[in-house]
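4 protein chains.
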Amino acid sequence: MIIQLDKKISEKEREQIKLMVKDIGYKTTRVKTQIGEYLIGIGKREFDIRQVGSLPGISDIHRVSDDYKLVSRKWKVNRTVIDLGDGVLIGNGTLTIMAGPCSIETEKQIEESIKHLVENNVRIMRGGVFKPRSSPYAFRGLGSEGLKLWAMMARSAGIKIISEVMQVSQIAEMYDEVDVFQVGARNTQNFNLLDELGRIDKPVMIKRGISGTLEELLSSAEYVFSGGNEKLILCERGIRTYEKASRNTMDVNAIPILKEKTHLPVIADPSHGIGLREFVEPIALASIMAGADGIIYETHQSPERAYSDAQQTLDFMESERLINRSRKVFDVRESF
Amino acid sequence: MIIQLDKKISEKEREQIKLMVKDIGYKTTRVKTQIGEYLIGIGKREFDIRQVGSLPGISDIHRVSDDYKLVSRKWKVNRTVIDLGDGVLIGNGTLTIMAGPCSIETEKQIEESIKHLVENNVRIMRGGVFKPRSSPYAFRGLGSEGLKLWAMMARSAGIKIISEVMQVSQIAEMYDEVDVFQVGARNTQNFNLLDELGRIDKPVMIKRGISGTLEELLSSAEYVFSGGNEKLILCERGIRTYEKASRNTMDVNAIPILKEKTHLPVIADPSHGIGLREFVEPIALASIMAGADGIIYETHQSPERAYSDAQQTLDFMESERLINRSRKVFDVRESF
Amino acid sequence: MIIQLDKKISEKEREQIKLMVKDIGYKTTRVKTQIGEYLIGIGKREFDIRQVGSLPGISDIHRVSDDYKLVSRKWKVNRTVIDLGDGVLIGNGTLTIMAGPCSIETEKQIEESIKHLVENNVRIMRGGVFKPRSSPYAFRGLGSEGLKLWAMMARSAGIKIISEVMQVSQIAEMYDEVDVFQVGARNTQNFNLLDELGRIDKPVMIKRGISGTLEELLSSAEYVFSGGNEKLILCERGIRTYEKASRNTMDVNAIPILKEKTHLPVIADPSHGIGLREFVEPIALASIMAGADGIIYETHQSPERAYSDAQQTLDFMESERLINRSRKVFDVRESF
Amino acid sequence: MIIQLDKKISEKEREQIKLMVKDIGYKTTRVKTQIGEYLIGIGKREFDIRQVGSLPGISDIHRVSDDYKLVSRKWKVNRTVIDLGDGVLIGNGTLTIMAGPCSIETEKQIEESIKHLVENNVRIMRGGVFKPRSSPYAFRGLGSEGLKLWAMMARSAGIKIISEVMQVSQIAEMYDEVDVFQVGARNTQNFNLLDELGRIDKPVMIKRGISGTLEELLSSAEYVFSGGNEKLILCERGIRTYEKASRNTMDVNAIPILKEKTHLPVIADPSHGIGLREFVEPIALASIMAGADGIIYETHQSPERAYSDAQQTLDFMESERLINRSRKVFDVRESF
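Chains as they are written, first to last, in the working numbering: chain A, 10 to 345; chain B, 10 to 345; chain C, 10 to 345; chain D, 10 to 345.
Just chain A, with the same shape it has in the complex (with noise of 0.2 Å):
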């Protein structure tokens, strides 16, 4: 159950609605965020909602069913909008790109990506200074110095920038440069990170686990909501299976799926999803057809140089074809 509370509430009033919950036999969370106060119930005895509902203090109260609570449309009908500021809205209705290279490499290649953006009306930037790599002898991004250079470049144009968080310490060092954090593929269940970033008042851009279920992605959601964090996105960048063909098989079912389960925006990384450049474009494509709030994915100056991932980068002219046709797609969605 979660209790929405009055914004003038009491004191007296949130303990008495807290006693009531209890007697009920539900034990509480209480959820303070951005926007509002919370008290989550958890619990299975069937009860009379009206019984609490009816207190002083509340201003809403809803019976979710879901695991998740929070993150539900089953509470929330009305769709989660991330304001990053100098008008760029997530999940607003129209169709978001975030694009850039995997990893920042040099201030050339930076100057490059964001001409390319502002010359095709692309308002987010994205790209690695603390890189995941899963051997230790591979390059491990430029980290602060990078990101600090990038930051500066990018705001100066007016591009906001989305990057990878991966511990608990960088979130600090890397809070006054990023607009949206990242948490990657490896880190969705990383419970301490999300608790930390449920602190914090920046947006926060989750992407399903490299094996993970949606309830697995929408209960880690759920951790940095009830952390305090409602500015939440989530990703989906394709699950392993045992098909070879493609690195990743990308679930385009999770979209609409998602769409359905949480007001939270959902965007496609479709680079990831098949990890193969000549077919990034159809997949952006499909997934913006199935319902797609917007899409993230890798282009390069000259793909075949990049440091990182150059197998499923796009070059200039691939991305601008991309971004093109996504809008007109995106459009067509739109019209039904």
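Be aware that a few hints might be false.
Unchecked claim - Computed footprint of chain A on chain B, listed as stretches where at least three residues anywhere in the stretch have a Cβ under 8 Å from a Cβ of chain A:
no., stretch
1, 87 to 94
2, 115 to 126
3, 210 to 224
4, 331 to 340
No lab work stands behind these hints, which were simulated from the structure alone. Each residue gets a CB set at the ideal place from its N, CA and C atoms; glycine is no exception.
Dock chains B, C and D against the given chain A, drawing on the hints supplied.
Just chains B, C and D, lined up with the frame of chain A:
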């Protein structure tokens, strides 16, 4: 290596070619289809292809490194078009729609289904008369009698029919009635059935196995082609993964990958691909956007009362909407 | 519900029972096997089982909630023993070993294999004469001629044989020669084949599908049993997963789970389960320790020269060591 | 390439070696562990290994083609033994048993668990104090306080403890108390955590990821080793597949394959591997038979009342039986 023989080749020339290929150390298989005659050479030794290619009686010769040869686009770049007669073509640059119930149930059901298709200008009707059911106690279909009634009614309405064949003995039983034989996901590697379907002159649509790789699907098609039947269609229908939110995981990646690897038409089955009625439409549209030559889906006048697959079957209003949107999405894709 | 009918039941009594079950709202299927006669009632309504059970002509009655009924241990607690004659029993509390080449190749090969088995007191020989091959250009087995030669030689040495049947028409072709019909992993859901194997009086071993669930394996066994043949054996042979270090992932979990769910004997196939010669032994021993009634594996006088499955085939020295160790491990398990 | 440096190497000699390796075109990483010093060379060019090997200051040099180097058995054939002190060794040719509750709950529970272990001569106790839970509303463990109490009680009974570390900041917090740090399945690719665990001098047991490949598990171990910590143990705990009859699919294949690929000890976790209490014993015994150096499993004085993992936890009678049988099975294996 694929050696395409000249139509006017003499027996002596054919023997000379075989001898030469044998000399190189390759095993040959002779393939004679409705359209042409081929020698398939299997081996690993390096050799000068001109050495063979210059012999009389050869119209064309190709090296094909894939395990599947005749269905590979490395050999035949032009896409295969399947002609069902009366102006019904599959894979010719227009969108193919195949719709109908999971199982053929009653005369009234057939009648209403046909009416629905005719009104929406859909030319191919799907329906099962021999049903593969995992429990021996479930409904197994109306069999030959149902098929005869259905075929008669469909023909008089100008509708072509596709239906699943489950065993060799059913080929003859169904031959006069069906326009396309469907090989189901449980029979994709029923090699005897594939062998026999190679001996007939009717189109065959092969569904991907429940956990079949794309490589295996292509090899199954190679069975039919090398048996003598070039009229082949492939169908992606979702694979088995750990995700429980959907019945199967529709592998949309498979669509552009297959279109790259083979010259055969590729059809998407969103009904089985996601298995949930409310999401059949977005997955169908996504599949078309990803490059499918057509879709096959389940529709029924009252899905709740369908004998099988009720939870993934569209009613006629949903079906009509899907048909209209599919055509619009296809047009957008073709405009790219 | 399973109603076991009395051997001396009258036609009138049988009709009375059917009527009563129909009145409750259940659909009945009559099953007559080599051993007994049953009525299987399928339905969902609650009812008092004594109401039916007290009718004349019934020797026993059970509720079985599983989708599979006759193969469930909820009905038949005593474990099934398969008698191949000449003192060769499967599932009777001793360890069954089935060994031999992937494919029957030559007279000499058969001779040496039989000699190896006789010396090690192994009573059942495996071997393929009709081979399911994913490529149409690969070796497809010696067929009936090979089977006849093999059966003659095996019989004179007191060896029973098990071989794969791939289609309905092969049942009659193989009937006189084989002692156990094997249904391969690609045919586990070939329901027509299962139906026909239900009509014969020879043991059938069903392999789990390449990505088949245990539920599906049990339902496939139910097909054969409900067709009239109780002489059934199940075989775990590894499933398809994303792990590439082994050919398949041997699902050792399946062994104790199947032993709990069904009264049928369970055999392990470590050759396909791991697919790597050097690890066949530990996986075989682990499977026995987990509760398998026996093992089936591939051995050849010179594995490198085997026509198929060379990389997972043991030589005779390795095979002898495996046999000896298997028996020791089995004894330890039985001592618990 | 792995270059093992001489203990008495001079700085000048070290530089000379680095230079030579750089000349060949290889990138070097210097690794200094508790035991020795290494230069890891990463590159693809062919070269004469004697050219480098003859330089002064080198005690040994090896080519290792795997992506993981220091954990590979291609380099170090002798198996690693982990010494926990007081005569407790892991991987030394005796069977290691680690048992205890999923979560540390109460003083009484710790006391009874220790008593059970001492009576059965088990020297290592498992238990969670920081619990990774997919729902934020579930019990998350007793934390540091619980750990301190537990460690004090265990020490006075001569019991070593293993517990999961979930984030970098917990390493220091847990350091004085735990004898082995466990990296859980959700953190196998938490590379920052692995990096930090490379800087300490305490043993680390890494669990395979929920859908992790063996290659990835070995690469994660390489992280810790290349960070400076050679005291590593690997743990197979089941993988995620489509099969729903068990919680996970225990990949018993992984055990002999890992033992072949790496010199590190391999422990099996049958509790998570099958997830069903009644089958933990056969899977534990099967894992030992397949070559595991030990087992880790969950036991509790009254499993029904355990705060977590109740359905896969053994009671003390079942645990005692498992311990006794495990030792017998291990002895049989070692006698081979």
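Against the structure, the hints come out as follows:
no. : hint       : verdict
1   : 87 to 94   : violated (count 0)
2   : 115 to 126 : violated (count 0)
3   : 210 to 224 : holds (count 4)
4   : 331 to 340 : holds (count 3)
The earlier numbered hints that this structure contradicts are 1 and 2.
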